[in-house]
Amino acid sequence: MLGIPLHSFYLIVLVLILLICGSLIRYRLEQSNPEKDYTELRERIQSWWVMVGLLFAALLFSQTLAIVFFGFLSFLALKEFLSIVPTRQTDRRVIFWAYLSIPIQYYWVSIGWYGMFIIFIPVYIFLLLPIRMVLLGETKGFIRSAGILHWATMLTVFAFSHIAYLLVLPVKNEMAGYIGPVLFLLFMTQFNDVCQYIWGKKLGRHRIIPKVSPNKTWEGFLGGVATITLVAAITGPLLTPLLWWQGMLAGMLISVSGFFGDLVISSVKRDLQIKDTGNLIPGHGGILDRMDSLIFTAPLFFHFLYYSHY
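Heads up, the sequence shown is in this note's numbering, so the first residue is 324 and it goes up one at a time.
Calculated directly from the structure, the hints in this document are not laboratory data. Note that this is a predicted model, so its numbers are computed, not measured. Any given hint could turn out to be false.
Here are the simulated lysine-lysine pairs, DSS-like style, with alpha carbons at most 30 angstroms apart [unchecked claim]:
1. K598 / K524
2. K402 / K534
3. K592 / K534
4. K359 / K524
5. K539 / K598
6. K524 / K539
7. K402 / K463
8. K539 / K592
9. K525 / K539
10. K525 / K592
11. K463 / K592
12. K359 / K592
13. K359 / K525
14. K402 / K539
15. K524 / K534
16. K402 / K592
17. K598 / K359
18. K534 / K598
19. K539 / K359
20. K402 / K598
Whenever a hint applies, use it, and build me the whole structure from the sequences.
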């Protein structure tokens, strides 16, 4: 098993089996219905293969490479966010400092300095950015620009960096290793999206917030929460230090927060009147389209785990 902790190895194999099944189902559909266009489905599955391959390669190669990998994703997400949200011409010199926060934030992660990690962006960067804006001498649009830069940095750098910090927590489940909590968070978050979608398609009748996301229904939401809560109770003790009942709570937390993360990015897109946040990932849209749920689940799950066992 190439030195991969047993329980993490099982989850990796499970994900690969699911991808193989998805590819075979897509191939069968194309053969059975040649008149239909399955281009988007094919692109989605191919993109999942690439994303999963890069993720597993980074996680399994070394802890340092994995931290750099998540830092690079933060860079892409921040770049994408600032490309779709209008900013002032004068803010370009301020944006530089927002980008500079990425390597510094992930450096705190790499050395395990929790105190600086947790306050660097919401205190120091949040104070630095408006100071730099003031020095430019442009007051028109000041409040709006400050809000955009603060929120963009908070979502794409601070929130997302919690995934990387899971990697440096002391290992308390030897069968899962340092990658276990990360695999648990990522798998539960993405599986939650799938479950809520399937339950919504099968049973969805009552919309929750139709103006934001007309496809989100109470049936899909509650079905997803119930499914993830159950699955997390089983997988939590296998991949993390969590007990089964703590796994249930973590699953519920991930499912509910992932739902709202999706809605928040949907609100951003509706406000900007765009379908996707970008076109980086064929069949999926932009990186924010794939990270939307993680932006909320990552910090909340991290602190639930941290204050439960560290």
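Given pair status - K539, K525, alpha carbons within 30 angstroms: Roughly 12 angstroms between the alpha carbons, so the hint for K525 and K539 holds.
Please work out if K402 and K598 have their alpha carbons no farther apart than 30 angstroms. Distance of about 18 angstroms is within 30 angstroms: holds.
Straight-line Cα separation of K598 and K524 no greater than 30 angstroms? OK: K598 and K524 at ~20 angstroms, within 30 angstroms.
Holds or violated: K534 and K598, Cα atoms, limit 30 angstroms. Since the Cα atoms of K534 and K598 sit roughly 14 angstroms apart, the hinted pair holds (cutoff 30 angstroms).
Measure nothing beyond the straight line between the CA atoms of K402 and K539; if it is 30 angstroms or shorter, mark the hint as holding. 28 angstroms, holds
Is K524 close enough to K534, meaning Cα to Cα at most 30 angstroms? Holds: K524 and K534 sit about 18 angstroms apart, inside 30 angstroms.
Holds or violated: K463 with K592, Cα cutoff 30 angstroms? Holds - the C-alpha atoms of K592 and K463 are around 25 angstroms apart, at most 30 angstroms.
Given pair status - K592, K539, alpha carbons within 30 angstroms: 16 angstroms, holds
Between the alpha carbons of K402 and K534, is the straight-line distance 30 angstroms or under? 27 angstroms, holds
Are the Cα positions of K598 and K359 separated by 30 angstroms at most? 23 angstroms, holds
So if I understand the rule, the pair passes when the alpha-carbon distance is 30 angstroms or less; does K524 with K539 pass? 9 angstroms, holds
K539 and K598: Cα distance at most 30 angstroms? Holds, at about 16 angstroms.
Going down the numbered hints, you'll see the structure goes against none, and every one checks out.
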